[in-house]
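Kindly generate the complete structure, drawing on both the sequences and the hints.
Quick note on numbering: the sequence shown equals residues 1 to 256 in the numbering used here.
Be aware that one or more of the hints could be misleading.
As a list, the in silico DSS-like pairs of lysine-lysine whose alpha-carbon atoms are at most 27 Å apart [stated by the list, open to error]:
id : residue 1 : residue 2
1  : 114       : 207
2  : 130       : 183
3  : 194       : 48
4  : 179       : 99
5  : 130       : 114
6  : 183       : 207
7  : 133       : 114
8  : 114       : 99
9  : 99        : 207
10 : 22        : 133
11 : 22        : 131
What the hints contain is simulated information worked out from the structure, not anything from laboratory work.
Since we're looking at a predicted model, the values are computed, not measured.
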Amino acid sequence: MTDLSVNRWENNGISALILENKGAEHSRLIVLLHGYQGDAVSNLEFGKTLLSADESAVVAVFDGVEEVPDCHDPHIRQWWDLPPFEGRYYAAMPLFAPKSVRPALDTIVRDAHKTAVRLNAAVLELMREKKLKTLVLAGISQGGITAFEMALFCSELTSVLDGVVIIGAGIAGAGRLSKTAVKPVPFLLVRGTKDEIFPSSVNCFSKSVLTEAGVPVVAQAVDSPHFGLEHAAAEQVRAFISGLNAKNRQKRQDIA
Numbered sequence: 001m002t003d004l005s006v007n008r009w010e011n012n013g014i015s016a017l018i019l020e021n022k023g024a025e026h027s028r029l030i031v032l033l034h035g036y037q038g039d040a041v042s043n044l045e046f047g048k049t050l051l052s053a054d055e056s057a058v059v060a061v062f063d064g065v066e067e068v069p070d071c072h073d074p075h076i077r078q079w080w081d082l083p084p085f086e087g088r089y090y091a092a093m094p095l096f097a098p099k100s101v102r103p104a105l106d107t108i109v110r111d112a113h114k115t116a117v118r119l120n121a122a123v124l125e126l127m128r129e130k131k132l133k134t135l136v137l138a139g140i141s142q143g144g145i146t147a148f149e150m151a152l153f154c155s156e157l158t159s160v161l162d163g164v165v166i167i168g169a170g171i172a173g174a175g176r177l178s179k180t181a182v183k184p185v186p187f188l189l190v191r192g193t194k195d196e197i198f199p200s201s202v203n204c205f206s207k208s209v210l211t212e213a214g215v216p217v218v219a220q221a222v223d224s225p226h227f228g229l230e231h232a233a234a235e236q237v238r239a240f241i242s243g244l245n246a247k248n249r250q251k252r253q254d255i256a
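As structure tokens, this is what we get:
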């Protein structure tokens, strides 16, 4: 990728680093949402990994929409204010979680949704500017929770969404799926076998509710702790995105 360009993009208080290969004919946007306390710069290398899966795409590595409180560092960011959090309670409906943690789970649903609405508007504006037709969402940890929200519980991206990659995260408020019309785009769920935050039940739960909703899901595990999981899963992510490319080529041939 010797012709790689990296530029900053901003819209309505939301910023991203844009990676693209000069001279390529671009039709797809790949969006990357980093994990808690990351930012676009610290996730630039994984953005390059995503671009290597589809070198004709434009990759947008977004910055979390706000700084983490009390850190006083613009590079330590989040997608929404993270309440006291235990991943082992995240694999069940709030109805079955201990009463003491249900308010935090409800807060996550509310705040993740607000952020998702903002991000969806920014993503569509970027696609308009770049004249891109399709979208792949990728999210890591807190960014994965946000990507689930953007894809499943907001309608703005329905017509352009091609696939979703979730790395080390689960669905917030999964009970809402029974009341939501979900576009059956492919999902890749990746967990780390040594994840110290989310147990394997989180992936199992997310896969089961997506399957029940008619969404095609691939769930995979890689030998990794939570932090750095995206790099350990690079091969699986590249294969998934490359598979989407093949499906789209076949679809175009069928239409022709």
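- Which hint numbers doesn't this structure obey? Every hint satisfied by this model.
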